[in-house]
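*Asks:* Now for the letters of each chain:
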Amino acid sequence: MTTANDPWAIRNLSPDQLREALRKMYLIRKFEEGAEDSYTRGLIHGTMHLSIGQEASAVGACIGLSDDDKITSTHRGHGHCVAKGADLGRMFAEFFGKETGYCRGRGGSMHIADVEKGNLGANGIVGGGLPISVGAALSAKRLKTGAVTVCFFGDGANNEGAFHEALNMASVWKLPVVFFCENNGYGMSTSTARSTAVKRISDRAVAYAMPGVTVDGNDFSAVAEAMAQATERARAGDGPTLIESLTYRWRGHSKSDRNRYRTKEEIADWMARDPIRRMADMLIAHDILTDEDITAMEQDADRTIADAIAFAADSPAPDVADLTRDVYTRPLV
Amino acid sequence: MSRELSYAEAIREAMDIALGEDERVILMGEDIGVYGGAFQVTGDLIDKYGPDRVMDTPISELGGAGVAVGAAMTGLRPIFEFQFSDFATLAMEQIVNQAAKVRYMLGGAVSIPLVMRFPAGSGTGAAAQHSQSIEAWLAHVPGLKVVQPATPHDAKGLLLAALDDPDPVMIFEHKLLYKMKGAVPEGRYTVPIGTAELRREGSDVTIVATSIMVHKALEAAKALAEDGIDCEVIDLRTIRPIDRETVLASVRKTSRLICVYEAVKTLGIGAEISAMVAESDAFDYLDAPIVRLGGAECPIPYNPDLEKAAVPQVPDIIAATRDLVEGRR
Amino acid sequence: MPVVVIMPKVDMDMSHGTVSAWHVAAGGAVTKGDPLFDIETDKAAMEVESPGTGTLHHIIANIGDTVAIGEPIAWIYAEGEAVGDAPQGPAKAAEAPAPADKDEPPTPAPTPDQISDSAQNGETGLRATPLARRLARERQLNLSDLRGTGPRGRIQAQDVPKKAATPAHPTSKGHTTGQTPILLIHGFASDPASWARLERELGQRHIIRMELPAHGRLTGDVPDSFADLARRMRDAFDDLGQENVHLVGHSLGAAAALAIADVRPRQIASLTLISPAGLGPEINGAAITGVAGAPRVESLGPWLRTLAHDPDLITDAYVRAIMAQRQNPAVRQAQLALADAVFPDGVQAFDLRAALDRVDMPTRIIWGRNDRIIPWKHALSAPGRVSLNLFERTGHMPHIEKPAEIAFLLRQRGE
Numbered sequence: 001m002t003t004a005n006d007p008w009a010i011r012n013l014s015p016d017q018l019r020e021a022l023r024k025m026y027l028i029r030k031f032e033e034g035a036e037d038s039y040t041r042g043l044i045h046g047t048m049h050l051s052i053g054q055e056a057s058a059v060g061a062c063i064g065l066s067d068d069d070k071i072t073s074t075h076r077g078h079g080h081c082v083a084k085g086a087d088l089g090r091m092f093a094e095f096f097g098k099e100t101g102y103c104r105g106r107g108g109s110m111h112i113a114d115v116e117k118g119n120l121g122a123n124g125i126v127g128g129g130l131p132i133s134v135g136a137a138l139s140a141k142r143l144k145t146g147a148v149t150v151c152f153f154g155d156g157a158n159n160e161g162a163f164h165e166a167l168n169m170a171s172v173w174k175l176p177v178v179f180f181c182e183n184n185g186y187g188m189s190t191s192t193a194r195s196t197a198v199k200r201i202s203d204r205a206v207a208y209a210m211p212g213v214t215v216d217g218n219d220f221s222a223v224a225e226a227m228a229q230a231t232e233r234a235r236a237g238d239g240p241t242l243i244e245s246l247t248y249r250w251r252g253h254s255k256s257d258r259n260r261y262r263t264k265e266e267i268a269d270w271m272a273r274d275p276i277r278r279m280a281d282m283l284i285a286h287d288i289l290t291d292e293d294i295t296a297m298e299q300d301a302d303r304t305i306a307d308a309i310a311f312a313a314d315s316p317a318p319d320v321a322d323l324t325r326d327v328y329t330r331p332l333v
Numbered sequence: 001m002s003r004e005l006s007y008a009e010a011i012r013e014a015m016d017i018a019l020g021e022d023e024r025v026i027l028m029g030e031d032i033g034v035y036g037g038a039f040q041v042t043g044d045l046i047d048k049y050g051p052d053r054v055m056d057t058p059i060s061e062l063g064g065a066g067v068a069v070g071a072a073m074t075g076l077r078p079i080f081e082f083q084f085s086d087f088a089t090l091a092m093e094q095i096v097n098q099a100a101k102v103r104y105m106l107g108g109a110v111s112i113p114l115v116m117r118f119p120a121g122s123g124t125g126a127a128a129q130h131s132q133s134i135e136a137w138l139a140h141v142p143g144l145k146v147v148q149p150a151t152p153h154d155a156k157g158l159l160l161a162a163l164d165d166p167d168p169v170m171i172f173e174h175k176l177l178y179k180m181k182g183a184v185p186e187g188r189y190t191v192p193i194g195t196a197e198l199r200r201e202g203s204d205v206t207i208v209a210t211s212i213m214v215h216k217a218l219e220a221a222k223a224l225a226e227d228g229i230d231c232e233v234i235d236l237r238t239i240r241p242i243d244r245e246t247v248l249a250s251v252r253k254t255s256r257l258i259c260v261y262e263a264v265k266t267l268g269i270g271a272e273i274s275a276m277v278a279e280s281d282a283f284d285y286l287d288a289p290i291v292r293l294g295g296a297e298c299p300i301p302y303n304p305d306l307e308k309a310a311v312p313q314v315p316d317i318i319a320a321t322r323d324l325v326e327g328r329r
Numbered sequence: 001m002p003v004v005v006i007m008p009k010v011d012m013d014m015s016h017g018t019v020s021a022w023h024v025a026a027g028g029a030v031t032k033g034d035p036l037f038d039i040e041t042d043k044a045a046m047e048v049e050s051p052g053t054g055t056l057h058h059i060i061a062n063i064g065d066t067v068a069i070g071e072p073i074a075w076i077y078a079e080g081e082a083v084g085d086a087p088q089g090p091a092k093a094a095e096a097p098a099p100a101d102k103d104e105p106p107t108p109a110p111t112p113d114q115i116s117d118s119a120q121n122g123e124t125g126l127r128a129t130p131l132a133r134r135l136a137r138e139r140q141l142n143l144s145d146l147r148g149t150g151p152r153g154r155i156q157a158q159d160v161p162k163k164a165a166t167p168a169h170p171t172s173k174g175h176t177t178g179q180t181p182i183l184l185i186h187g188f189a190s191d192p193a194s195w196a197r198l199e200r201e202l203g204q205r206h207i208i209r210m211e212l213p214a215h216g217r218l219t220g221d222v223p224d225s226f227a228d229l230a231r232r233m234r235d236a237f238d239d240l241g242q243e244n245v246h247l248v249g250h251s252l253g254a255a256a257a258l259a260i261a262d263v264r265p266r267q268i269a270s271l272t273l274i275s276p277a278g279l280g281p282e283i284n285g286a287a288i289t290g291v292a293g294a295p296r297v298e299s300l301g302p303w304l305r306t307l308a309h310d311p312d313l314i315t316d317a318y319v320r321a322i323m324a325q326r327q328n329p330a331v332r333q334a335q336l337a338l339a340d341a342v343f344p345d346g347v348q349a350f351d352l353r354a355a356l357d358r359v360d361m362p363t364r365i366i367w368g369r370n371d372r373i374i375p376w377k378h379a380l381s382a383p384g385r386v387s388l389n390l391f392e393r394t395g396h397m398p399h400i401e402k403p404a405e406i407a408f409l410l411r412q413r414g415e
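Protein sequences, first through last, are from chains S, C and B.
Residue numbering for the first sequence follows our numbering, starting at 1 and increasing by one per position.
Residue numbering for the second sequence follows our numbering, starting at 1 and increasing by one per position.
Residue numbering for the third sequence follows our numbering, starting at 1 and increasing by one per position.
Excised from the complex, chain S in its bound form:
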């Protein structure tokens, strides 16, 4: 029995959905840790942007989406990809630059996509996915697929011109798109206080005549609730919504970040609000899982990650002879 005082997620999602949501949050956490560990071991080329601490945001945003619904993702996109149902082995394979990776080793961490599951791809350009998501929503409307597009972007992108142009057009044309801003407080080293004129990014929705809401991005239930309303509005043909999800990345911007712009206290404070712990506690409190179940779930996630890394490590590297394959659909002669 649930009561009106229970969180939205407890009241509106099934125990299976909730367990699956927590499982995915663990997978994201473990995936990021595995990636970091592999990086440390020299198995990963380049850099990566870890989303540890933002798991509730990613999973809460995707919990109500089907494979037909689209997302556009960001450079900090591993969580979105896992939340949308990607195969972890192929994700690691991409990190490792292998032919079995989602992008056959051509994209790497920053461009992971899983088109079959509706993930149109992470983007290395801040704000790059904003207009693209509007285009995907335009297709959905014209082709009457009923799909919604969720556009993930960070607080940094809200100061790009593409943000203004994309939100304006989506509103003018009443397109089925949800603009989901993961505000983790910093665009690289520059805080939103120093970069953004409004206190709340969601305040900007007024300028585009769309609803703007701010939620605690470390609260799975709050995120899922805001998304449910936004996707319902989108599917009803009432147009876009801007959701600002307040969260925090525990790690630096990328692997080269020396964390000079924030204090240890600030980081510790946010780590105390660990979204996974909060989700687990909520499920235990509502008798959906036990401590033992959670331990088992964590161990299961560890095994999944280990398998995925093994798959990636054993996968073949791309053939250099195929360097220019896939520049064009039909090879130029």
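Do not rely on the hints blindly, as some may be mistaken.
[Claimed, not checked] Which residues of chain C face chain B? A partial, calculated answer using Cβ under 10 Å:
id	residue
1	L176
2	L218
3	E226
4	D227
5	D230
6	E279
7	A282
8	F283
9	Y285
10	D287
11	A288
12	P299
13	V325
14	R329
None of these hints come from the bench; they were simulated from the model.
These figures come from a predicted structure and were not determined experimentally.
For glycine and all other residues, C-beta sits at the position ideal for the given N, C-alpha and C.
Place chains C and B on chain S using the hints.
*Replies:* Here is chains C and B on its own, set in the frame of chain S:
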């Protein structure tokens, strides 16, 4: 007797055919609806297909181009019109980072069947920000195809070919050509992307020209013929991918090469053609230095005499050709 | 002062507009801002508002008229203002900006970069084009044995001898073994044998005769224009591989000689144009087609006799000899087709005066004052440095009519 249409009408007819036969085709651009487009290329298509398929966008080049990319990625076949090619500078991010690269960086998981149209070139007195020729910028980007039709026939055929192409095709249309009339077959036909057209056969010198320069080169060739100088004129038509063989075969035949293009001379298509010849076996057939005639190293000026002086004109082509053929270079 | 109504520029690349309707007739009242007339450009129809208030007069552009932008098309008179004749001037003064489709103004314009003259800066390497290098390789010639005729001594394909590997040029001067040959090009409907009298007068000289296309052995493929003919003659000249010749042509052959000299100036020591074509439009079309088409001696003879001042010079035997070479109808057909291409309707369809201005080797024109085929006064269009030798009582064939004098002229320059 074949039917004549203007270049603009030929483009409109191609879009009309595409809209009529494929529900996925949409037109997007600034003022392309009831206004008919800044150069009246879309004309009254909105009356036939409605505002959902002939979509006026806000003045948002970056956003509009990105919407077109996203739409192309997810099942539509947008034809996006930039009001002036110059305005594409605002949309470079979406064209260069997204449209051109998404397929590759996703390992071939998607295609971007996107057509973009760019009214380009000088000659209208619109000065520096409405007269540029930036096709070589885009031709430098793997993942894009770039075409420059010079005739109404090719304008229609290349647009329909672009729509059949699964990858992004950028079409640069010279504004001064919009009113040019020429024979245009009825119905659907395509001009293959990546094929040049021999516009005039000759034996003394190969002139490789693009867009409006094709017509200037032909006019020059006619005048030179009076003096017994026999020019071969190649209309490149596509600058990415370049029709290598047509150019090389011609150079092997004439032993002399002149490239004529309106864009700024330095680091342009002329450099590419010259290098292509120099790197090929056709090098051994060269009997004179290669000559490039391109735009001056300045923005397009306003004053009409300055504006003309900023891009190659017929007398320049005649003089350069004569110097080359008569051994003064 | 009445208000001038002008053809307005309403479109960026518009140069002219067509009046498609007047909303007010002449004499009618108009109010500033009200629709006055409609114009059509290539793109659209557009309504134009009245630029003033008063009465419309002097509509000089009627419906359907196309007017350059900025030009006046009517005037509006204020109440009480005297209406006279259509004013002129003020509107004209406001000239329309040069439309994009007018003739090109002379432009300093992007000419290709000048090649810096590095040869003077102590550069030692041998200059040769890639093609010349390849040809020399294939013909097993040493490039250093060849003399380059291109800019700064660049060896070009034409500098590589076609056949045996003989040294291209004797290095010592003052030697006379390498006497410069005389290259002769006959006229229309004539043949190389027509030079026989002149050759006799010239004595022991190295003489080369060239044949025009559609003549003699070369009747197969008729040139479709003078440019075509000139190109083939130039190719034939190139095939001869001659590096330095005195070039002599007669009539159409003179025109061909001039065209060759224009593109191969370095290989021409001097140029002699005898009764040349190409210096003016007039030509005796009847004689041209008469000679070319005559199927037998009876019809050929009278036409041939118009060529010379003294008809007795054209003997019956000469006419028969000429006709013998023209028995084949294909020859006559080819020459009629050539005449139609280069001299259509009795007019010279090509103009080489610009070429004559350009050539800078010693050049002379020889003409008979009694030429009935091409007026000798065409010679007067030649620039001053071209010498003119006029012969009295001489027709179109000075080399036949006055061979000794022509030979004398040719010898003057050591030719």
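*Asks:* If a hint holds in the structure, say so; if it does not, say that too.
*Replies:* Going through the hints against the structure:
Because the closest C-beta pair between C:L176 and chain B is about 6 Å apart, less than 10 Å, the hint holds. Look at C:L218: its Cβ only gets to about 15 Å from chain B, farther than 10 Å, so that hint breaks. With its C-beta approaching chain B no nearer than about 6 Å, C:E226 sits inside the 10 Å limit, and its interface hint holds. Interface hint at C:D227: satisfied, since its Cβ lies 6 Å from the closest Cβ of chain B, which is below the 10 Å cut-off.
Using the Cβ-Cβ criterion of 10 Å, the hint placing C:D230 at the interface with chain B is satisfied: the shortest such distance is roughly 5 Å. Contact between C:E279 and chain B, as hinted, is not supported at the beta carbon level, the nearest pair being about 12 Å apart and thus beyond 10 Å. A least Cβ separation of about 9 Å between C:A282 and chain B falls short of the 10 Å threshold, and the interface hint therefore holds. At its closest, the beta carbon of C:F283 sits 5 Å from a beta carbon of chain B; the interface hint therefore holds under the 10 Å criterion.
The beta carbon of C:Y285 is positioned within 10 Å of a beta carbon in chain B (closest approach about 5 Å), and the interface hint is therefore held. Here the hint on C:D287 is kept, as its CB sits about 4 Å from the closest CB of chain B, short of 10 Å. At a threshold of 10 Å, the smallest CB-CB gap from C:A288 to chain B is about 6 Å, leaving the interface hint in force. At a threshold of 10 Å, the smallest CB-CB gap from C:P299 to chain B is about 14 Å, leaving the interface hint violated.
Proximity of C:V325 to chain B holds as hinted, the smallest CB-CB distance being about 7 Å (cut-off 10 Å). A distance limit of 10 Å between C-beta atoms decides the matter here; for C:R329 the minimum to chain B is near 6 Å, and the interface restraint holds.
Violated hints, listed in ascending order, are 2, 6, 12; each of the other numbered hints is respected by the structure.
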